[in-house]
Amino acid sequence: MALIKFDEIASFSLPGAFNSCLIPVENKEMLKKARKYTEAQTTCPLLLLPPTMEDVREIYTSPTQVALTTPYQSGTVATTSVSQSACKRKTTTSPSITEDGNEMAREELGMAYQQLSFFYLQWMKIQYLTCLNLHRNQMIMNAASVLKSQLVDRLTRYANILSTEDMIFLANNCYSTLQGLGDDYAYFSTEVNKLISKHQELTLAAKMKEEWNEYDIKAHYTHQVQSLFEVREKVSSAQDKLSSAKTYAESLKLKK
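In this text, residue positions in the sequence shown follow numbering that gives the first Met the number 0: the first is 0, and each later residue adds one.
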């Protein structure tokens, strides 16, 4: 079976969509019939509508079904073919995709596109939430670190001013805030409690030392006063004895 193009046929012209199509030609007689058919259509007062892709597919796949009219047929056949072509063109306005002989409708393609768009949006949502959670966790960690450093700095800088009760109050407030942030502050609280306990021990030791020094000074002063009083009494007694001895010596001198 030979295949020729319509543009190779002399004086044969149809709209552009049909010129580049291939049709089977059994022999030279069919070619002659095609030429006669063209001449008849050009003399016909009715205009042919452009053939559709479905018409071309039918001509190409089933050559035995192609019926080329002779110039002797009446205009009724041409009118009927024109109306049939128009009906076919109207019914085939919705495009379809052919895959392994099975047609996929536009609705199925649209549903597939919608599912793909839905999955893509879900993936974007998961990625956005993941990035948002990472950013949120990083901000929480930074805030917790700043809060811990501020507490330690305040407890160490103002250790001479703050009392143990004030330190415990500040530490408890810090623990409550860290718990609200969801931070694991167990190790941090242990270290802070050790710091507060050490401060409490130093405060008690300094207070005891101060009290002991004050008591020791008072006792030493009392002892010194008492010793001085005793010395004075001894000196007074010695003076009295010396005066008595002196008086006795003078009386003896007068008797002689």
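Calculated directly from the structure, the hints in this document are not laboratory data. Careful: at least some of the hints might be erroneous.
[As the list claims (entries may be wrong)] Below, a list of computed lysine-lysine pairs in the BS3-like style, where the Cα atoms sit at most 27 Å apart: (1) K193 x K147; (2) K197 x K147; (3) K233 x K245; (4) K208 x K197; (5) K206 x K217; (6) K217 x K197.
[Said to hold, decoys possible] Estimated spans, in silico, between C-beta atoms of each pair: (7) V234 x T155: 17 to 23 Å; (8) T129 x T176: 40 to 46 Å; (9) A158 x T221: 21 to 27 Å; (10) K206 x G181: 48 to 54 Å; (11) T155 x T129: 23 to 29 Å; (12) Q199 x K124: 50 to 56 Å; (13) K217 x A244: 39 to 45 Å; (14) Q223 x A244: 29 to 35 Å.
Please read these numbers as outputs of a predicted model, since none were measured by experiment. C-beta: ideal position from N, C-alpha, C; glycine also.
Here's how the hints hold up against the structure:
For a cut-off of 27 Å, the pair hint linking K193 to K147 stands: about 15 Å separates their Cα positions. Note on K197 and K147: the hinted pairing holds, with a Cα-Cα distance of about 19 Å set against a maximum of 27 Å. The hinted pair formed by K233 and K245 meets the criterion: a straight-line CA distance of about 18 Å does not exceed 27 Å. The hinted pair formed by K208 and K197 meets the criterion: a straight-line CA distance of about 17 Å does not exceed 27 Å.
A threshold of 27 Å between alpha carbons decides the hint, and for K206 with K217 the separation of about 17 Å falls inside it, so the pair holds. Straight-line distance between C-alpha atoms of K217 and K197 comes to about 31 Å, which puts the hinted pair past the 27 Å bound. One distance hint, 17 to 23 Å for the beta-carbon pair V234 and T155, is violated here, with the actual separation near 59 Å. Taken as a hint, the range 40 to 46 Å is violated for the pair T129 and T176, whose Cβ atoms sit roughly 27 Å apart.
Between A158 and T221 the Cβ separation comes to about 36 Å, which falls outside the hinted range of 21 to 27 Å. The supplied range of 48 to 54 Å is broken by K206 and G181, whose beta-carbon atoms lie about 40 Å from each other. The hinted range of 23 to 29 Å is not satisfied by T155 and T129, whose Cβ atoms lie roughly 39 Å apart. At roughly 53 Å, the beta carbons of Q199 and K124 sit within the given window of 50 to 56 Å.
The hinted range of 39 to 45 Å is satisfied by K217 and A244, whose Cβ atoms lie roughly 41 Å apart. At roughly 31 Å, the beta carbons of Q223 and A244 sit within the given window of 29 to 35 Å.
Hint check: violations occur at hints 6, 7, 8, 9, 10 and 11; the rest are consistent with the structure.
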